[in-house]
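Counted the way the UniProt record's numbering counts, the sequence shown spans residues 1 to 738.
If you are wondering where the hints come from, they were derived from the structure by calculation, not from laboratory data.
Be a bit skeptical, because a hint or two may be false.
[Unchecked claim] Across the chosen pairs, the derived CB separations fall in these ranges: (1) Asp443 to Gly725: 52 to 58 Å; (2) Leu708 to Phe20: 22 to 28 Å; (3) His300 to Gly725: 29 to 35 Å; (4) Gly660 to Glu722: 35 to 41 Å; (5) Phe20 to Thr42: 33 to 39 Å; (6) Met723 to Thr289: 27 to 33 Å; (7) Thr223 to Pro687: 37 to 43 Å; (8) Asn249 to Val435: 52 to 58 Å; (9) Ala618 to Gly660: 29 to 35 Å; (10) Asp255 to Ala514: 48 to 54 Å; (11) Lys220 to His515: 24 to 30 Å; (12) Glu427 to His300: 48 to 54 Å.
Please read all numbers here as calculations on a predicted model, not as lab measurements.
The beta carbon of each residue, even a glycine, is placed where N, CA and C say it ideally should be.
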Amino acid sequence: MPKGVPNKRPEETPMKFTSFHIPPSINTKNASSSYLKSESQTIWARNAAGIVSVKRKLYENDGDGTVPPAGETALPADRKRGSDIIIIHPGSRYLRIGRATDAYPVTVAHVIARKSKPPIVPPAFFPRIVRGAASTDGAQQKNVDAQADAMDTDDAPPNVVVTNDEDEKDAVPDNANTNDPTNSKIAAIRGVLRSRMRSSKLRAVPNATQVAASYNEQAKHETIRDHNDPYRVDWLNTQTGDDIIVGENVFRIPDPVANGYTVRWPIYGSRFNTRDYTSSRALLGDIETIWSKVLLDELHISARACQELSAILVVPDYFEKHYIQELVHLLLVQMRFKRVCIQQEAICAAFGAGLSTACVIDIGAVKTSVSCVEEGLVLPETRIALNYGGDDITEFLAVLLGKIHFPYRTMDLTRMYDWNMMVDLKERMCTLAEVDVALNVTDFFVRAPGRDTEKYTVKTYDEPTVAPMCIFEPSIIDFDAKREGLVPLWNTDSVEDIDIMSDPVTNAMVISTAHLAPAPAPHPQQQGELLTTAAGAAGSSADGSVTPLGVGEETPAVSDTSGTPKRAATPTKGGGELTKPSTRANSPVPTPTAPAASTSTATAPTVYPGGFTIDVRAEASKLGLDAAVIHSIRAAGAADKVKKLLQVVLIVGGSALVPGLINALEARLQAMAMALMPGTERVQVIPAPKEIDPRVLAWKGVSVLGKLDALGDLWVQEADWEMLGIRAVKERSFFLTH
Numbered sequence: 001m002p003k004g005v006p007n008k009r010p011e012e013t014p015m016k017f018t019s020f021h022i023p024p025s026i027n028t029k030n031a032s033s034s035y036l037k038s039e040s041q042t043i044w045a046r047n048a049a050g051i052v053s054v055k056r057k058l059y060e061n062d063g064d065g066t067v068p069p070a071g072e073t074a075l076p077a078d079r080k081r082g083s084d085i086i087i088i089h090p091g092s093r094y095l096r097i098g099r100a101t102d103a104y105p106v107t108v109a110h111v112i113a114r115k116s117k118p119p120i121v122p123p124a125f126f127p128r129i130v131r132g133a134a135s136t137d138g139a140q141q142k143n144v145d146a147q148a149d150a151m152d153t154d155d156a157p158p159n160v161v162v163t164n165d166e167d168e169k170d171a172v173p174d175n176a177n178t179n180d181p182t183n184s185k186i187a188a189i190r191g192v193l194r195s196r197m198r199s200s201k202l203r204a205v206p207n208a209t210q211v212a213a214s215y216n217e218q219a220k221h222e223t224i225r226d227h228n229d230p231y232r233v234d235w236l237n238t239q240t241g242d243d244i245i246v247g248e249n250v251f252r253i254p255d256p257v258a259n260g261y262t263v264r265w266p267i268y269g270s271r272f273n274t275r276d277y278t279s280s281r282a283l284l285g286d287i288e289t290i291w292s293k294v295l296l297d298e299l300h301i302s303a304r305a306c307q308e309l310s311a312i313l314v315v316p317d318y319f320e321k322h323y324i325q326e327l328v329h330l331l332l333v334q335m336r337f338k339r340v341c342i343q344q345e346a347i348c349a350a351f352g353a354g355l356s357t358a359c360v361i362d363i364g365a366v367k368t369s370v371s372c373v374e375e376g377l378v379l380p381e382t383r384i385a386l387n388y389g390g391d392d393i394t395e396f397l398a399v400l401l402g403k404i405h406f407p408y409r410t411m412d413l414t415r416m417y418d419w420n421m422m423v424d425l426k427e428r429m430c431t432l433a434e435v436d437v438a439l440n441v442t443d444f445f446v447r448a449p450g451r452d453t454e455k456y457t458v459k460t461y462d463e464p465t466v467a468p469m470c471i472f473e474p475s476i477i478d479f480d481a482k483r484e485g486l487v488p489l490w491n492t493d494s495v496e497d498i499d500i501m502s503d504p505v506t507n508a509m510v511i512s513t514a515h516l517a518p519a520p521a522p523h524p525q526q527q528g529e530l531l532t533t534a535a536g537a538a539g540s541s542a543d544g545s546v547t548p549l550g551v552g553e554e555t556p557a558v559s560d561t562s563g564t565p566k567r568a569a570t571p572t573k574g575g576g577e578l579t580k581p582s583t584r585a586n587s588p589v590p591t592p593t594a595p596a597a598s599t600s601t602a603t604a605p606t607v608y609p610g611g612f613t614i615d616v617r618a619e620a621s622k623l624g625l626d627a628a629v630i631h632s633i634r635a636a637g638a639a640d641k642v643k644k645l646l647q648v649v650l651i652v653g654g655s656a657l658v659p660g661l662i663n664a665l666e667a668r669l670q671a672m673a674m675a676l677m678p679g680t681e682r683v684q685v686i687p688a689p690k691e692i693d694p695r696v697l698a699w700k701g702v703s704v705l706g707k708l709d710a711l712g713d714l715w716v717q718e719a720d721w722e723m724l725g726i727r728a729v730k731e732r733s734f735f736l737t738h
């Protein structure tokens, strides 16, 4: 371009993209910030400073008017440490609540009755014990008595196989009554009991079951007038009664359905009782009503006073995420507690027993939990939740008594007074000590509304010992029926996800169900050779004809292209597997030409939580107590840790009061431990301290924990909950990080 000729400018409009001032880039050499670089800038430090300020004001108001020094935040001398802390331990049957300074908690039935509009739906009864099609609680079956007596007498009927022994002749039924599966399962449990009695050099009483049944069949009740009964029940007048009744007063309602009351239990094991509710808000509303009414009636704490109190909530070891989320929201937002702390049952029980390391067994009403505690923390991979508890023992005892002609013919376990009567019988009769197996007579009283008290006598032999043995031989329990009606009321997908697994599959569960998992799929090349060989062997014969596979023969397993094995075949009585017979009797078995040919006919296997082909959590919940303890301890880690935990097995819960349970569990664990780890030292099962009831040991442990200064780092306040949600609980607890 010639010199001096100006450049041609493009035709552009001199317009900015925005009228806002765009700040220039910051010179990073001169930028400096201390944001979140010290502990004093976190939300937890600000909350701690606020707590100190509240304590200073409380000291100023309650003291002599002087403000303490900056470092002094102690309460006045007349105020005990922990008096402002409420400890709440909810359970399936009972609620234990009280101040941290109380010697024992207030124990009330965790049940509520609400006045409802008709029609009132009667409570559905879900059986916990395997029963026949026509089996009832009061059914009188003489063929069962003959089977039971065959276990005790030397002269066995023709259908009984008798084996000679130097101590006694044990008779085992050869073919149990197939119409009622309960009979064969009870006979198996009795066989285990007879074996343990022989090892202890104890002999059975001949014809004991028949003697007890004859006595009970002829037993008559005795009527006791109300003025002669010091324990008579003062039934409520439902005409002038309250619309809402909680606690033990619910048991005093004459007939809840006839009087327009709906009775519900909001907690079921380690989860909410979704069987009795159709709405999650109604369930949480009942929990709030029960807790608020107990606080007001028993502890004289009003709803307004809760704003100045703190709460420690004891939760199960194996929990659901929404269980903790909803209860924390209930305490902080609806009941307006100042702050909340979450602790697990196993840690509290170990702390109450003065142990830092232990394998804790908690036998509750409907669930049994096993977990290992090490240095004050629950090892998450050792947790196992068993789907049985004290209620299963109660119902099994009722079934056993019904088979020896229980004198109380009209017993109905759906009636609360009949259920409580059977619970009282269980607490007074049941034992696991083999030396107590004898013919015994026990008195019990039936206090029903509208009639006088009736006194009965029942004679039993081994029924009080066979009933609690169901926790070691759980085949008698109908686990499928126990899961009926438990529908989900919470959408787990909508719950905020912060890496908190709900009901995870633990390593202990995987170890205990390893024998149920299907075999891994063969290599594709080996699979093709196996199919070709099997098809040729099944389809070819000596004369060249084609022979189809029979029903009793095994068909080689076929896997899909993904390598996931198909569902295992159904086992038969003979020990083989059932296979679907060919629809055409004379059609040859085709030989697959490629592995892809199986994808058109193979059915995709069901994938359960954790990516397993079996429901690991459901199958692990069917273990016997001794096997569950062994598998839980095996999942703890190294061999030295396993040996250490085997010497510190702590058992708590209501069913821990069964006489002989500790010795029975100890003997079974010793045999299993010696087979698993030869050279293992003596297994030791530790009961609760003598001065503490095992039912309240967890509550006592957390009451001591509530008085420690270290608890200050575990509190969650309402402001934290509103800001962070469940994340606040995760940051202030140790067990939600897994």
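Comparing the hints with the structure gives:
1. Checked against the hint of 52 to 58 Å, the pair Asp443 and Gly725 passes, with Cβ atoms roughly 56 Å apart.
2. For the hinted restraint 22 to 28 Å between Leu708 and Phe20, the CB-CB distance of approximately 55 Å leaves it violated.
3. Between His300 and Gly725 the beta carbon distance is about 33 Å. The supplied range of 29 to 35 Å therefore holds.
4. Separation of Gly660 from Glu722 is about 52 Å and departs from the stated range, judged on CB atoms against 35 to 41 Å.
5. For Phe20 and Thr42, the Cβ-Cβ distance of about 34 Å falls inside the hinted range of 33 to 39 Å, so the restraint holds.
6. For Met723 and Thr289, the hinted distance range of 27 to 33 Å is satisfied, since their beta carbons lie about 28 Å from each other.
7. Range check, Thr223 to Pro687: Cβ separation about 41 Å, and the 37 to 43 Å hint holds.
8. For Asn249 and Val435, the Cβ-Cβ distance of about 41 Å falls outside the hinted range of 52 to 58 Å, so the restraint is violated.
9. Taken as a hint, the range 29 to 35 Å holds for the pair Ala618 and Gly660, whose Cβ atoms sit roughly 30 Å apart.
10. The given range of 48 to 54 Å is respected by Asp255 and Ala514, whose C-beta atoms sit roughly 50 Å from each other.
11. A hinted range of 24 to 30 Å is violated for the C-beta pair Lys220 and His515, which are about 52 Å apart.
12. Separated by about 31 Å at the C-beta atoms, Glu427 and His300 break the suggested range of 48 to 54 Å.
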